[in-house]
Amino acid sequence: MAAKVFESIGKFGLALAVAGGVVNSALYNVDAGHRAVIFDRFRGVQDIVVGEGTHFLIPWVQKPIIFDCRSRPRNVPVITGSKDLQNVNITLRILFRPVTSQLPRIFTSIGEDYDERVLPSITTEILKSVVARFDAGELITQRELVSRQVSDDLTERDASDLREGVHRSSRSQTGGPAGSGEGQICGGKGRAAEEGGHHLCRGRFQGR
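Be aware that the sequence shown starts at 7, since it is given in our numbering, and climbs by one per residue.
If you're looking for bench data, these hints aren't it; they were derived computationally from the structure.
Keep in mind that the hints are not guaranteed to be accurate.
[What the hints assert, rightly or not] Estimated spans, in silico, between C-beta atoms of each pair:
| no. | residue 1 | residue 2 | range |
| --- | --- | --- | --- |
| 1 | R78 | S107 | 36 to 46 Å |
| 2 | A32 | N95 | 44 to 54 Å |
| 3 | F62 | Q148 | 28 to 38 Å |
| 4 | E131 | V67 | 35 to 45 Å |
| 5 | S115 | N35 | 22 to 32 Å |
| 6 | T97 | H40 | 39 to 49 Å |
| 7 | R78 | G57 | 15 to 25 Å |
Keep in mind that this is a model prediction, so the values were computed, not measured.
Note that CB positions come from ideal geometry on N, CA and C, so glycine has one too.
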């Protein structure tokens, strides 16, 4: 009799453990400041964005891909030539975040590492283009104009929805004296892979 009782308890415990494992695999958490995109093995990436909290999915069929949607910084250093052929070491610091409504498209067309794939190439190209329009001294004395042109050029690029803000700092290494200061500007809308997002721009310049 006792053996049957223990056998029943063992079976019940095993069934409970299996049920608990199934339930646990069917739950996933999306932390604050994050969003999830669901990949379905049969239907592909679903065109929905899942918000914060605990959610259900179909185990072994669906998989959540979690994106950090908080503003994050990224520094892009560039050594390029100014209009007067001086070497300038300049760094663009970007505060970026993805447009949440476009996460399925971003994941499908670019991937989870969208910032690694998109930001360095675009920012390097734009920085070189803008710096080449100014003399080394003008990069300091006309810092607000330089910052505005960087902002405008970034706005025009297709990947501008991958960033929310731009904060740039530069140090001119031309060997000549220069002042220091900071400027601040604001931008409007940007387009991204066919969609847009808002951005703010700030600039801080130091030279020596």
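inquiry  = I want to verify a distance hint. Is the separation of the beta carbons of R78 and S107 within 36 to 46 Å?
reply    = Violated, since R78 and S107 (Cβ atoms, about 19 Å apart) do not stay within the stated range.
inquiry  = Given the hint of 44 to 54 Å, is the C-beta distance from A32 to N95 inside that range or not?
reply    = With Cβ atoms ~52 Å apart, the hint holds.
E131 paired with V67, Cβ distance criterion 35 to 45 Å = The hinted range 35 to 45 Å holds for E131 and V67, with Cβ atoms some 42 Å apart.
ask   = Measuring from beta carbon to beta carbon, are R78 and G57 in 15 to 25 Å?
value = holds (19 Å)
task = Take the C-beta atom of T97 and the C-beta atom of H40, compute their distance, and say whether it sits inside 39 to 49 Å.
result = violated (28 Å)
Range agreement (Cβ of N35 with Cβ of S115, hint 22 to 32 Å) = holds (26 Å)
query = Between F62 and Q148, does the C-beta distance stay in 28 to 38 Å?
reply = violated (56 Å)
Checked against the numbered hints given earlier, the structure breaks hints 1, 3 and 6 and satisfies all the rest.
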